[in-house]
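K.L.:
Taken in sequence, the protein lines are chains A and B. So that you can map any letter, position 46 of the first sequence is 46 in the working numbering, and since no number is skipped, the others follow by simple counting. Each number in the working numbering corresponds to the 1-based position in the second sequence with 288 added.
Because the hints were derived from the structure by calculation, they are not lab data. Hints should not be assumed to be uniformly reliable.
[Said to hold, decoys possible] For each label pair, taking beta carbons as the anchor points, the in silico distance ranges come out as:
(1) Arg83(A) / Gly392(B): 37 to 45 Å
(2) Ala106(A) / Leu304(B): 35 to 43 Å
(3) Arg111(A) / Ser326(B): 18 to 26 Å
(4) Asp357(B) / Ala106(A): 20 to 28 Å
(5) Gly171(A) / Leu304(B): 24 to 32 Å
(6) Val298(B) / Arg111(A): 39 to 47 Å
(7) Ile263(A) / Asp357(B): 30 to 38 Å
(8) Pro265(A) / Gly392(B): 37 to 45 Å
(9) Asp644(B) / Met123(A): 57 to 65 Å
[Claimed, not checked] Only pairs whose alpha carbons sit at most 30 Å apart, straight line, appear in this in silico DSS-like list of lysine-lysine:
(10) Lys50(A) / Lys113(A)
(11) Lys556(B) / Lys178(A)
(12) Lys178(A) / Lys455(B)
(13) Lys400(B) / Lys465(B)
(14) Lys400(B) / Lys472(B)
(15) Lys470(B) / Lys455(B)
(16) Lys178(A) / Lys562(B)
(17) Lys465(B) / Lys275(A)
(18) Lys178(A) / Lys389(B)
(19) Lys472(B) / Lys315(B)
Idealized CB from N, CA, C, for every residue including glycine.
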Amino acid sequence: MSSVTSHRLRRRLLKVGHVIGLFIAMAIICLPGFWIVLSSLRPTVEIMAKPPVWVPESLSLDAYRAMFSGVGQGGIPVWDYFRNSLIISITSTVIALMIGMSGGYAFARYRFKGKSAIFLGFMLTRAVPGIALSLPLFMIYARTGIIDTHFSMILTYVALNVPFTIWLIDGFFRQVPKDLAEAAQIDGCTRWQAFWQVEFPLAGPGIASAGIFAFLTSWNEYALASQITRSVNSKTLPVGLLDYTAEFTIDWRGMCALAVVMIVPALTLTFIIQKHLVSGLTFGAVKG
Amino acid sequence: MAPVTLRKLVKRYGALEVVHGIDLEVKDREFIALVGPSGCGKSTTLRMIAGLEDISGGEIEIGDRVVNDLPPRARNISMVFQSYALYPHMTVAENMGFSLKIAGQSADEIRKRVVEAAAILDLGPLLERRPSQLSGGQRQRVAMGRAIVRNPDVFLFDEPLSNLDAKLRTQVRTEIKRLHAKVKSTMIYVTHDQVEAMTLSDRIVIMRDGYIEQIGTPEEVFQRPASKFVAGFIGSPPMNLEDAVVDNGRLMFAGGQSLPVPPRFLEKVTTGQKVTFGIRPDDVYPTGHGLHSGDASAVHAMALPVVITEPLGNETLVFITFTGRDWVSRMLNPRPLKTGETVEMSFDLSQAHLFDAATGVSLR
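Whenever a hint applies, use it, and build me the whole structure from the sequences.
P.N.:
This is how it looks when you write it as structure tokens:
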């Protein structure tokens with residue numbers, strides 16, 4: 001009897017310890033994000049204070065108000081930046097996904113000459129640090145006259161994301177048994193229908209994760225964008241952050257507010273798509 | 289109504305030829321099994337019939353159409369895969385109705401036909417489940433249900449029982465046989481298991497290295513194997529096969545032991561000819577413990593030592609030493625035998641076979 005009680009007690013203690021451990025880990029992970037949100041709501045004096053002020057004395061939405069109040073009144077063209085970011089990220093994600101799906105499917109299903117060499121080649125492009133490309137890209141885009149356009153940014157981000165989307169989607173298509181597409185063809189599908197009716201839904205979670213990844217990469221990318229975008233024509237939100245730095249001052253509060261504006265859509269999108277990331281969907285397709 | 293005809297069917301992968309111009313006529317409503325060891329080309333042949341593999345040469349006819357260049361969907365066939373290949377994102381009912389949905393049938397019609405097919409296979413209570421919630425046997429039944437719903441001319445089975453455990457295998461085997469009786473379609477069944485082939489089919493096609501070794505009813509291939517290969521492949525335990533040289537009406541084995549040439553082969557062999565002698569375990573038995581032979585004069589008795597016994601209850605497999613190696617014999621109404629004990633063995637030579645030692649072809 002007493003051994004049962006002590007066993008129970010130990011299990012309860014372990015559980016409590018587990019929860020506390022998780023809480024601490026999560027707190028450490030979330031703290032920077034929380035600090036950004038907090039900083040966007042408090043006066044600069046408090047942000048810069050040493051030692052740090054942990055409990056804010058006053059909170060206000062002034063930074064947000066100022067940000068949206070337009071150029072010349074302490075604001076920045078945030079709507080333009082937002083629109084640019086959205087257009088560039090979504091378009092480049094869609095294109096990278098389409099190429100990634102075609103390429104990933106080809107790598108997963110077909111045999112062709114130089115397959116592994118091409119695959120390795122794609123992976124090697126990831127080994128080049130992006131920033132090293134900024135000057136060559138700047139020169140090429142400047143010469144061809146596409147600098148500071150949505151097109152140039154989309155092109156850059158597609159090139160950046162395609163190797164990864166191909167690699168990720170290839171892995172997911174590999175998990176879909178070949179038999180399923182064959183069964184679908186016997187059931188009356190064309191090759192094309194078999195893909196959309198059977199293979200695509202089953203690789204869906206993988207394609208969705210590749211999509212999130214590609215979107216977030218484009219949404220958050222700064223190094224290349226800071227070189228290639230020159231004006232409100234194409235400046236994205238991360239580049240827009242720099243608008244808060246002046247020669248002698250940095251408006252930390254405004255910067256944090258813009259960072260929050262950037263984080264919110266990305267977070268929302270991830271939450272929406274995350275629901276579809278049900279893994280193990282192919283379980284039960286074949287064998288026992 | 290759909291006979292299936294293969295004419296000089298060839299399959300090549302680059303320079304490698306894996307099916308060498310085979311001919312086969314499957315009659316309408318016939319159940320035919322393609323059987324052979326792995327790599328013999330049986331699955332490739334089936335996949336060519338299904339349209340999943342291109343044909344490198346020859347012709348395939350289903351019904352009265354040459355289907356060489358038709359895609360799988362235009363051949364009006366159904367296939368049951370070894371892996372079941374159920375669509376995991378659909379329920380059982382959706383799996384079964386998928387082909388009708390693609391064909392643009394109305395929801396009512398689909399429902400009706402799915403329920404009909406489900407009734408044949410007792411799948412009614414499972415219709416709303418997903419494949420992941422089914423056992424192996426149930427999945428295999430759903431795969432068959434999906435095949436039935438299409439009402440195809442030809443059913444193709446690609447080793448459908450390989451992933452099931454022994455007990456389920458027998459059960460589903462019976463179910464397939466019952467299915468054939470009910471739906472009366474042409475069925476082509478690929479397996480490496482000769483027992484499945486024997487129990488299910490009207491005719492068996494034995495394949496080896498991309499050639500057809502023999503086509504015949506289960507009785508034919510069992511009783512009159514065309515070659516040494518067929519003789520060794522069909523039957524369990526396999527036929528005892530041993531090389532010998534003919535010498536004045538006797539078969540001289542390597543160890544110096546001999547047997548008379550089986551009576552029906554006396555005219556067909558000459559002294560000095562190299563042959564392979566074959567006899568099934570059923571036709572070698574401890575005297576008094578075998579099947580009655582039609583021809584008592586052809587039974588040759590010999591005292592031989594027992595190596596080991598495998599009791600199976602109603603019968604015992606007795607391994608005896610003869611010609612320097614183990615021969616299997618089947619003892620009916622078994623009595624206990626001890627290892628090392630010498631027993632009189634009867635060789636029923638009227639049931640024995642002789643094959644050409646070099647080519648393996650039967651000398652019948």
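K.L.:
It remains to establish, for every hint, whether it holds in the given structure.
P.N.:
The hints, checked one at a time:
Restraint check, Arg83(A) to Gly392(B): a C-beta distance of roughly 43 Å satisfies the suggested window 37 to 45 Å. Distance hint check for Ala106(A) and Leu304(B): the Cβ-Cβ separation is about 24 Å, which falls outside the suggested range of 35 to 43 Å. Under the hint 18 to 26 Å, the C-beta atoms of Arg111(A) and Ser326(B), about 21 Å apart, fit the expected range. Separation of Asp357(B) from Ala106(A) is about 24 Å and conforms to the stated range, judged on CB atoms against 20 to 28 Å.
Take Gly171(A) and Leu304(B): their Cβ atoms lie about 30 Å apart, and the range 24 to 32 Å holds. For Val298(B) and Arg111(A), the hinted distance range of 39 to 47 Å is not satisfied, since their beta carbons lie about 21 Å from each other. In this structure the supplied range 30 to 38 Å is violated for Ile263(A) paired with Asp357(B), their Cβ-Cβ distance being about 57 Å. Taking the beta carbon of each, Pro265(A) and Gly392(B) are about 41 Å apart, inside 37 to 45 Å as hinted.
For Asp644(B) paired with Met123(A), a C-beta distance near 58 Å keeps the hint of 57 to 65 Å intact. This hinted pair does not check out: Lys50(A) and Lys113(A) have alpha carbons roughly 63 Å apart, beyond 30 Å. Distance check on the hinted pair: Lys556(B) and Lys178(A) sit about 53 Å apart at the alpha-carbon level, beyond 30 Å; violated. Taken as a hint, the Lys178(A) and Lys455(B) pair is honoured in the structure, with Cα atoms around 28 Å apart against an allowance of 30 Å.
For the hint linking Lys400(B) to Lys465(B), the alpha-carbon distance of about 24 Å falls within 30 Å, and the restraint holds. Note on Lys400(B) and Lys472(B): the hinted pairing holds, with a Cα-Cα distance of about 20 Å set against a maximum of 30 Å. Between the alpha carbons of Lys470(B) and Lys455(B) the distance comes to roughly 23 Å, so the proposed pair stays at or under 30 Å and holds. For the given pair, Lys178(A) sits about 49 Å from Lys562(B) by alpha-carbon distance, which is inconsistent with the 30 Å threshold.
Restraint check for Lys465(B) and Lys275(A): the C-alpha separation of about 45 Å exceeds 30 Å, so the hint is violated. Annotation: proposed proximity of Lys178(A) to Lys389(B) holds, straight-line Cα distance about 21 Å (limit 30 Å). Straight-line distance between C-alpha atoms of Lys472(B) and Lys315(B) comes to about 12 Å, which keeps the hinted pair within the 30 Å bound.
When each numbered hint is compared with the structure, violations occur for hints 2, 6, 7, 10, 11, 16 and 17.
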